[in-house]
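Chemist: Sequence:
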Amino acid sequence: MICPFFTAAEPHMPHPIETPRATDFPRLLEVWEAAVRATHDFLEEHDIQLLKPLLIEQYFPLVQLSCIRGDDGTIAGFLGYAEGKVEMLFVDPLHHGMGIGKALLNDAVVRLGASQVDVNEQNPKALGFYLSQGFAVEGQSPLDGGGRPFPILHLRLA
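Position one of the sequence shown corresponds to residue 1 (the working numbering), numbered consecutively onward.
Watch out, some of these pointers could steer you wrong.
Claimed, not checked - Here are the simulated lysine-lysine pairs, DSSO-like style, with alpha carbons at most 30 Å apart:
1) K52 / K125
2) K102 / K85
3) K102 / K52
4) K52 / K85
5) K85 / K125
6) K125 / K102
Stated by the list, open to error - Ranges of calculated distance between the beta carbons of each label pair, as one might list FRET restraints:
7) I56 / A158: 12 to 20 Å
8) P151 / H15: 28 to 36 Å
9) G113 / P16: 16 to 24 Å
Note that these hints are calculated values from the structure, not bench results.
No experiment lies behind these values; they were computed from the predicted model shown.
Even for Gly, the Cβ is constructed at its ideal location relative to N, Cα and C.
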């Protein structure tokens, strides 16, 4: 299903949103790592290596995943949703600016009822993206969900 908010006037029309299979998890991990390396300057190498195995083992099974594939059929971006909240949204940097994140987010809002998202305070691009999509900051936590010193902003759909 393509999100109703996504119009043909957008620069690149993404492919339909689908549910990834467990066999796609290694590609989701690749997308996650590429996106994190491009946008999470505050993370050090040991932080990335600590989080990588947790994605497939713990995080992916706890969320409803959706993805969009690129023209070559490989996953270009994905979103994880649980209980009214976008828990993760990552787009391969090669596909940034093509509307993939917007389409995934709009699908989560319209189809799944997502109204909340957390974003690292140290990731101004992600914060700007969510603010531009109608979210507003409603709170802040000094530590991330794993108890690490990465401040989190709590956003809610306005």
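Chemist: So, for every hint listed, does it hold in this structure?
Modeler: Hints, verified against the model:
1. For the given pair, K52 sits about 22 Å from K125 by alpha-carbon distance, which is consistent with the 30 Å threshold.
2. Proposed proximity of K102 and K85 is supported: the alpha carbons are some 15 Å apart, at most 30 Å.
3. The straight-line distance between the Cα atoms of K102 and K52 is roughly 24 Å, inside the 30 Å bound, and the hint therefore holds.
4. With a CA separation close to 21 Å, the supplied pair K52 and K85 stays within the 30 Å bound.
5. For a cut-off of 30 Å, the pair hint linking K85 to K125 stands: about 19 Å separates their Cα positions.
6. As the CA atoms of K125 and K102 are separated by approximately 13 Å, the hinted pair is consistent with the 30 Å bound.
7. Roughly 34 Å separates the CB atoms of I56 and A158, a value that falls outside the hinted 12 to 20 Å.
8. Our hint of 28 to 36 Å for P151 and H15 holds, since their Cβ atoms are close to 35 Å apart.
9. Under the hint 16 to 24 Å, the C-beta atoms of G113 and P16, about 20 Å apart, fit the expected range.
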